[in-house]
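Q: Sequence:
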Amino acid sequence: PPSTLVLIETAKLTPTEKKKALVLERALFVSAERPSVRDALRAIEREVARHEIEIDPRAADALLAARGEDLTALALEIEKLADYVGERRRIEKADVVALVPAAREPNVFELVDTMARSELDRALDLYDRLCAGGEDPLAVVGAAAWRFLGMWKKGPRGRRDIDRLHFVLAELLSADLDLKSTGGGALARRSRGREMVVRICAGGGARRSRRPARGRS
Numbered sequence: 001p002p003s004t005l006v007l008i009e010t011a012k013l014t015p016t017e018k019k020k021a022l023v024l025e026r027a028l029f030v031s032a033e034r035p036s037v038r039d040a041l042r043a044i045e046r047e048v049a050r051h052e053i054e055i056d057p058r059a060a061d062a063l064l065a066a067r068g069e070d071l072t073a074l075a076l077e078i079e080k081l082a083d084y085v086g087e088r089r090r091i092e093k094a095d096v097v098a099l100v101p102a103a104r105e106p107n108v109f110e111l112v113d114t115m116a117r118s119e120l121d122r123a124l125d126l127y128d129r130l131c132a133g134g135e136d137p138l139a140v141v142g143a144a145a146w147r148f149l150g151m152w153k154k155g156p157r158g159r160r161d162i163d164r165l166h167f168v169l170a171e172l173l174s175a176d177l178d179l180k181s182t183g184g185g186a187l188a189r190r191s192r193g194r195e196m197v198v199r200i201c202a203g204g205g206a207r208r209s210r211r212p213a214r215g216r217s
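Position 135, counted from 1, in the sequence shown is what the working numbering calls 135; the numbers after and before it change by one each time, with no gaps.
Since the hints were made in silico from the structure, they are not lab data. We put the beta carbon where it would ideally sit given N, CA and C, even for glycine. There could be a bad hint or two in this list.
Quick list of the computed label-pair ranges, beta carbon to beta carbon [as the list claims (entries may be wrong)]:
id, residue 1, residue 2, range
1, 88, 142, 16 to 26 Å
2, 46, 94, 36 to 46 Å
3, 180, 50, 43 to 53 Å
4, 170, 136, 15 to 25 Å
5, 166, 94, 29 to 39 Å
Please take these sequences and the hints and turn them into a complete structure.
A: Below, the structure is given as structure tokens:
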């Protein structure tokens, strides 16, 4: 019988690569991708259904904020919450806050840290929840600029880091000018903030689609 184990670790393996075809033919292929926010929400739904209970959407958001995309931790917390709510058979946000450590509302710094890691799905989720909680998109832009500058001062300052900072600050400035001059309502302001989040998470690749610079009056 075989006595040697060969472990091949790769960050990316596309379906068209010959290497993947060989792996699938000869060995066990195990994907270790980090779950997305959508994956985590689906996992919450599955666990809730398995325990034959319901969960308020705000409770699901609070649970996700506390435990992130850790599917095992989410399952354990839902098991505890199911016992906690008992015959009520429904998990409310207050239950999560009472029982799950670190259950909290998202803050702007958490959003900026997520944007710095280019985690688009998570960043958009945090941004939407901040706006739903009454946060002004313009305040998000100001806090993001302060946070990004602080992160840059504490971290490496290579050419790539400087280019990245210049790109981020240009996006923040563009969003700031748009939000201050827009005549739209809350929905338009919120949409402009979402655009900013998407562009910063996309990084330098978004430069090609930038609109012409707007001059100050």
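Q: Of the hints stated earlier, which fail here?
A: Hints 1, 2 and 5 not satisfied by this model.
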